[in-house]
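Q: Residue-level listing of the chains:
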Amino acid sequence: DSGVTQTPKHLITATGQRVTLRCSPRSGDLSVYWYQQSLDQGLQFLIQYYNGEERAKGNILERFSAQQFPDLHSELNLSSLELGDSALYFCASSVGVGRHRGFYGYTFGSGTRLTVV
Amino acid sequence: DQQVKQNSPSLSVQEGRISILNCDYTNSMFDYFLWYKKYPAEGPTFLISISSIKDKNEDGRFTVFLNKSAKHLSLHIVPSQPGDSAVYFCAASAPQGAQKLVFGQGTRLTINP
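Chains A and B, in that order, give the protein sequences.
Heads up: the first sequence at position 27 corresponds to 27 in my numbering, and the numbers run straight through without jumps.
Heads up: the second sequence at position 19 corresponds to 19 in my numbering, and the numbers run straight through without jumps.
So that you can see chain A by itself, here it is in the shape it has in the complex (with noise of 0.2 Å):
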């Protein structure tokens, strides 16, 4: 158990609906990735959030929005769902926001399988 905590862990859904995927950060942590992985592909960065505040975004559809809540879970939304939205979709956390000494990278969850029909 890396203590980052996403769910659902698998969602079948048609085209055309809408979907939120959540993720808990690891104890202590303050920043939250969202990585998207389709079939063959890298991790593909869509957004960061750190302390409540969007600190940077990729290559994240119009279709697809985030938000980081007091308690520090987060959100992932997807509306308007295709096929080619299918993928793997993780969440990440740090402890800050920049680099620091002893930095290890990100740790991330289990992911949330997303199938669209």
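Simulated from the structure, these hints should not be mistaken for lab results.
Fair warning: this is a prediction, and the values are worked out from it, not measured in the lab.
Where is the CB? At the ideal position from N, CA and C, for every residue including glycine.
Heads up, some of the hints might be wrong.
Unchecked claim - Below, a list of computed lysine to any residue pairs in the SDA-like style, where the Cα atoms sit at most 20 Å apart:
hint : chain 1 : residue 1 : chain 2 : residue 2
1    : B       : K37       : A       : L39
2    : B       : K100      : A       : Q67
3    : B       : K71       : B       : S28
4    : A       : K9        : A       : F64
5    : B       : K100      : A       : S24
6    : A       : K57       : A       : F69
7    : B       : K100      : A       : A56
8    : B       : K5        : A       : L39
9    : B       : K100      : A       : S38
10   : A       : K57       : B       : K37
11   : B       : K100      : A       : G58
12   : A       : K57       : B       : Q3
13   : B       : K100      : A       : K9
14   : A       : K57       : B       : N27
15   : B       : K71       : B       : N27
16   : B       : K5        : B       : P79
17   : B       : K37       : A       : T107
18   : A       : K57       : B       : A70
19   : A       : K9        : A       : G84
20   : B       : K5        : A       : Q41
21   : A       : K9        : A       : H73
22   : B       : K5        : A       : Q44
23   : B       : K5        : A       : G58
24   : B       : K100      : A       : Q41
25   : B       : K100      : A       : S65
26   : A       : K57       : B       : Q2
27   : B       : K37       : A       : T5
28   : B       : K100      : A       : G84
29   : B       : K56       : B       : V78
Unchecked claim - So the derived list for chain A, only partly shown, Cβ under 8 Å to chain B, looks like this:
hint : residue
30   : P8
31   : Q41
32   : L43
33   : F45
34   : Q48
35   : A56
Place chain B on chain A using the hints.
A: Chain B alone, transformed into the frame defined by chain A:
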């Protein structure tokens, strides 16, 4: 724009031999590199890292080599064990960019008994 590339989707190595996984990058601003290991149905886990001020970092059976002039890094696993069978991701970070990591596509390593 694939800034971090792992050109070998898969690699098969015999148990006890050396496994060498390669990674190339294009962004000269990257100054910190990490390797992650991923088992099925789990998230990636941190394995080893290296700063651009070094050309080698070793941790037990795992060694990462960095060649800045070639923008290339490699992960050596010696000796390879069956439990090393996993997908390995190379990742890079730049000083700016709020700690964002850029990942390669991953290499699936299979260790054969």
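Q: Each of the hints needs a verdict: does it hold here or not?
A: Going down the list of hints, with the structure as the test:
1. Straight-line distance between C-alpha atoms of B:K37 and A:L39 comes to about 17 Å, which keeps the hinted pair within the 20 Å bound.
2. For the hint linking B:K100 to A:Q67, the alpha-carbon distance of about 17 Å falls within 20 Å, and the restraint holds.
3. The straight-line distance between the Cα atoms of B:K71 and B:S28 is roughly 8 Å, inside the 20 Å bound, and the hint therefore holds.
4. The hinted pair formed by A:K9 and A:F64 meets the criterion: a straight-line CA distance of about 19 Å does not exceed 20 Å.
5. For the hint linking B:K100 to A:S24, the alpha-carbon distance of about 19 Å falls within 20 Å, and the restraint holds.
6. This hinted pair checks out: A:K57 and A:F69 have alpha carbons roughly 17 Å apart, not beyond 20 Å.
7. In summary, the hint linking B:K100 to A:A56 is supported, as the alpha carbons are separated by about 8 Å, within the 20 Å threshold.
8. Proximity of B:K5 to A:L39 is assessed by CA-CA distance (about 16 Å); at most 20 Å being required, the pair is judged to hold.
9. For a cut-off of 20 Å, the pair hint linking B:K100 to A:S38 stands: about 19 Å separates their Cα positions.
10. Of the supplied pair hints, the one linking A:K57 and B:K37 is violated, its CA atoms being roughly 25 Å apart against a limit of 20 Å.
11. Annotation: proposed proximity of B:K100 to A:G58 holds, straight-line Cα distance about 9 Å (limit 20 Å).
12. Under the criterion of a C-alpha separation no larger than 20 Å, the hint pairing A:K57 with B:Q3 is consistent with the structure, at around 16 Å.
13. Taken as a hint, the B:K100 and A:K9 pair is broken in the structure, with Cα atoms around 24 Å apart against an allowance of 20 Å.
14. Of the supplied pair hints, the one linking A:K57 and B:N27 holds, its CA atoms being roughly 18 Å apart against a limit of 20 Å.
15. Taken as a hint, the B:K71 and B:N27 pair is honoured in the structure, with Cα atoms around 8 Å apart against an allowance of 20 Å.
16. Between B:K5 and B:P79 the alpha-carbon distance is near 25 Å, which puts this suggested pair outside the 20 Å criterion.
17. With a C-alpha separation of about 12 Å, the suggested pair B:K37 and A:T107 falls inside the 20 Å cut-off, and the hint holds.
18. At most 20 Å may separate the alpha-carbon atoms for a hinted pair to count; A:K57 and B:A70 exceed this at roughly 29 Å.
19. With a C-alpha separation of about 19 Å, the suggested pair A:K9 and A:G84 falls inside the 20 Å cut-off, and the hint holds.
20. Note on B:K5 and A:Q41: the hinted pairing holds, with a Cα-Cα distance of about 11 Å set against a maximum of 20 Å.
21. With a C-alpha separation of about 16 Å, the suggested pair A:K9 and A:H73 falls inside the 20 Å cut-off, and the hint holds.
22. Restraint check for B:K5 and A:Q44: the C-alpha separation of about 13 Å stays at or below 20 Å, so the hint holds.
23. Taking the CA atoms of B:K5 and A:G58, the gap is about 18 Å. The hint holds against a cut of 20 Å.
24. About 18 Å separates the Cα atoms of B:K100 and A:Q41, which keeps this hinted pair within 20 Å; it holds.
25. With a C-alpha separation of about 18 Å, the suggested pair B:K100 and A:S65 falls inside the 20 Å cut-off, and the hint holds.
26. Between A:K57 and B:Q2 the CA atoms are separated by roughly 17 Å; this keeps the pair inside 20 Å, and the hint holds.
27. The hinted pair formed by B:K37 and A:T5 meets the criterion: a straight-line CA distance of about 18 Å does not exceed 20 Å.
28. At roughly 24 Å between alpha-carbon atoms, B:K100 and A:G84 are farther apart than 20 Å, so this suggested pair is violated.
29. With a C-alpha separation of about 15 Å, the suggested pairing of B:K56 with B:V78 holds against the 20 Å cut-off.
30. At a threshold of 8 Å, the smallest CB-CB gap from A:P8 to chain B is about 14 Å, leaving the interface hint violated.
31. Hint on A:Q41 holds. Least Cβ distance to chain B is approximately 6 Å, under the 8 Å limit.
32. Residue-level restraint check for A:L43 holds (minimum Cβ-Cβ distance to chain B is 4 Å; threshold 8 Å).
33. Proximity of A:F45 to chain B holds as hinted, the smallest CB-CB distance being about 6 Å (cut-off 8 Å).
34. Annotation: A:Q48 was flagged as interfacial toward chain B, and the flag holds, the nearest CB pair being 6 Å apart, inside 8 Å.
35. Contact between A:A56 and chain B, as hinted, is supported at the beta carbon level, the nearest pair being about 4 Å apart and thus within 8 Å.
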